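Visitor: So the chains spell out like this:
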Amino acid sequence: MNEQTDKEPQVSQDEVAQIKDISQTKSRRRSQSVLVPLLAIVTALIIGALVIIFTDDTVYVAFGEGFFKGLWRAVEVIGKAYGAFFTGAFGDPVRIVNALLSGNANQIMRAIYPISETLRISTPYIFAGLAVALGFRGGLFNIGAEGQYFIAGLTTVYVGYSLPGLPWIIHLPLALVAGMLGGALWAAIPGYLKGKTGAHEVINTIMMNYIAFRFAEFMLDVGGPMSRGDGRPVSPEIAPSSYLPQFFPNSAALRFNVGFLLALLVAWLIWWLLFKTTLGYEIRTVGQNPRAARYAGMSVPRTIVITMAISGALAGLSAATDILGVLHFMPNAFYSGYGFDAIALALLGNSHPLGVVLSSLLFGALRAGAQNMQGIAQVPIDLTSILQGLIIVFIAAPEIIRALYRVRHLDKGEELVLTRGWGQM
Amino acid sequence: MVSINSTQSLPKISKRRATTLGIVFLVFAIAIVILFIPSAEPQQRTTFALDVTRGEALPIGSLTFSTTLGLYMMVLLSVFAGAWQLAKGFKHVYVVLSMVAGFFVLAFLIWAARDQSMNLTGMLQSSLLRAIPITLAALSGVMCERSGVVNIGIEGMMLAGAFLAALFGSIANNMWVGLFGAMIGGGLMAALLAVLAIKYKVDQVIAGTAINILATGLTSYFSSRYLQTNGALNSPPTFRPLPIPLLSKIPVIGPALFNHTFPVYLTFLLVIAIQGMLYYTRWGLRTRAVGEHPRAADTLGVNVFKMRYTNVLIGGMVAGLGGAYLVLSSVARFDELMTAGKGFIGLAAMIFGKWNPIGAFGSSLIFGFADSLQTKLAILSVPIPSQFLLMAPYLVTMVVLAGVVGQSRAPAADGVPYEKE
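For the record, the sequence lines run as chains A and B. Okay, so the first sequence: first residue is 1 according to the working numbering, each after it adds one. Okay, so the second sequence: first residue is 1001 according to the working numbering, each after it adds one.
Next comes chain A alone, as it looks inside the complex (with noise of 0.2 Å):
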């Protein structure tokens, strides 16, 4: 509380003394900007094995049998769980060793089939997390990343079933193209609406995740425009030129594309963007301050829209990847949990596209990981979106985190702002 109420006095003080230890902090600084997500995800499991245990009927039973017990079947439960969990998210480890020295191709692909699961999962989570965190270094906050997946997912599809005959090198790009020009257009028109009226970008993407949903509905919908025709509310089969390439041509279940290295790519491509070009600095300088921004000269709406625009064709890609990679066509319920999920990710990975990378890895093996646990220890899914929300609380207040662990707080000064109220624009 009292640095923050000491900082506008003293901001020269600050910042000389800033300027003197930055050789020393920097990696120092460095490191916790790692301790604390880590411990974060830590806290979170602790708890969330906490959770398992109190709603298991037999560690009461055992427990009722004596002390210790007890105590070595919640460890049991604890160890089935976050057990099935592992497995569910890389795979078994000696099942892989043997099935690699039995050579037996088949017997491999079974094998690593869930770490290929949490890697495709993972492929629409760095987009989505992108969105959102480029986004917050732009000061806005896009709530709106699964209306943007919406509409890129009706773009890429109608670009996807309408142009058969098209030569692959042509129809892929041009299909992922549309998926970020839809998501980029949906995006752009909150982007504009805050840049020219100041209505907040939060309110207006949520809405338009309602607007985009029942457009959606209505497109896909029996007898809609974009609806299959034969009775089912989905979309038409995208022709094959528009496939992006599976990793796994022969293997219908392994379904990890080449989708990923594009979101590596296009991770590479935003920080490039962000930390090594003139937009990116203009993006990161309207997100911190805006009014400094308007005083160097820089247009503050046309900023906002543009990035605005790239958050929505990222959100957009997701979609994209999802369809031209994975799905093939386009369900009329074609929630993915994306957008709430991207801002938890975004705040994980401290809105670097690095750690976005890596907290998207760690979210699509616990989606993938879930799964298992859910049939082999029969521990719901949603202890997933729990663990999200501690997450997010405990990355949204490290001061828990630094109270529990005694962690010292080490980063004055260079606090990245995420959002701010609309009482003040």
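Be aware that a few hints might be false.
As the list claims (entries may be wrong) - Each pair of labels, with its calculated beta carbon distance range:
#1 B:E1336 / A:G103: 54 to 60 Å
#2 A:W272 / B:T1299: 30 to 36 Å
#3 A:R95 / B:E1336: 46 to 52 Å
#4 A:A403 / B:L1242: 46 to 52 Å
#5 B:S1117 / A:S162: 39 to 45 Å
#6 A:S162 / B:P1038: 33 to 39 Å
#7 B:A1296 / A:G297: 54 to 60 Å
What the hints assert, rightly or not - Taking beta-carbon pairs under 7 Å as the criterion, some of the chain B residues facing chain A (in silico):
#8 S1224
#9 Y1394
#10 V1396
Read the hints as simulated data drawn from the structure, not as lab findings. Only a predicted model underlies this, so the values are computations on that prediction, with no experimental measurement involved. The beta-carbon is built from N, C-alpha and C at its ideal position, and this holds for glycine as well.
Position chain B relative to chain A; hints supplied.
Guide: Below, chain B alone, put in the same frame as chain A:
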């Protein structure tokens, strides 16, 4: 200097806006002429039924009239409003605006029900019922945001309320205990928001988002662990309609307003109570002061943190009641994600209602009306996709937020953590 400038330019702006509004009224009239009149045959007749089958209102039969005549009436009324506005100007122009919008909607109903019958009273009733959870969500938002705490987590608070309403109600086999449980559920989530926003000064939008995700996870997890496997934990008793003596016998108004369950009346009471407390009590003045200018309030001895904590907690309980309504007045069970975005619609209703309890109630009614209209139109086989009607509330909110018609302004310190000197 600045204030002089703004007072000088004020009449000019409002004059331009007055002319615009007059033209808007005329556009409504023209829209009726273009959209509805050409497809209405002269011999067609519209019937509005005014009695509902259940309830104790005195029967008055139904209203049948020529469709074209009805449509021309609506045109005439809108033209009159437009002409009057352009020539003389109304004092309460936004009231007239909503009236003209009402004429347009009525014209649409007259057109949609040509050669058919539409139950107007039934529709009012279902609009109100659909508006109740939205109203409670919006009231929760008003409570929190008036004191300066942005509440994006209404949805999560409603879910927690709905969950505990079902659980407590089932265990005690008593809906009043369920209602109490809902207040605990919403209150717990609100307490988390309050601690994060006020003590830890977390970005409030993020705190609210975390609450939504956490509440979704917790309620779904415990629901699939217990409520779905053990039916006895998920079968709360429900409130029965309590017709108010005499008032419920009035035709149209009786069934629409005075033949409902207790939570509906409670919502009416809360709207009036919060409006009254916010504007006519010391507590309300302090709440608004803390939301607009916390430093000034602090200087005058108001405990900013305490005001914010109390308001957020009450707001959470109100949101919890919204969740309870879904469980204890309609479906009698908890389903995962059963709030289905009502918390976010409530947020929209709060903005549309300009952060004011009665305004929030009014806009919730409009949203509830759009929702019930959509189901009615499917029955009347009107060639408008229901999805577009369901989009309307969100579009209108965006238009209002952009300041196109009547600016909606948030409390000045909304979303800004307070730092004590």
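Visitor: All the hints need checking, so say for each whether the structure fits it.
Guide: Evaluation of the provided hints:
The beta-carbon spacing between E1336 of chain B and G103 of chain A, approximately 45 Å, falls outside the hinted interval of 54 to 60 Å. For the hinted restraint 30 to 36 Å between W272 of chain A and T1299 of chain B, the CB-CB distance of approximately 49 Å leaves it violated. Range check, R95 of chain A to E1336 of chain B: about 34 Å between beta-carbon atoms, so the 46 to 52 Å window is missed. For the pair A403 of chain A and L1242 of chain B, the supplied restraint of 46 to 52 Å holds, since their beta-carbon distance comes to about 50 Å.
The hinted window of 39 to 45 Å between S1117 of chain B and S162 of chain A holds, with their beta carbons roughly 43 Å apart. Checked against the hint of 33 to 39 Å, the pair S162 of chain A and P1038 of chain B passes, with Cβ atoms roughly 34 Å apart. One distance hint, 54 to 60 Å for the beta-carbon pair A1296 of chain B and G297 of chain A, is violated here, with the actual separation near 35 Å. The restraint placing S1224 of chain B at the interface with chain A holds, with a minimum CB-CB distance near 4 Å, inside the 7 Å limit.
The closest approach between the C-beta of Y1394 of chain B and any C-beta of chain A is roughly 4 Å, which is under the 7 Å cut-off, so the hint is satisfied. At its closest, the beta carbon of V1396 of chain B sits 9 Å from a beta carbon of chain A; the interface hint therefore is violated under the 7 Å criterion.
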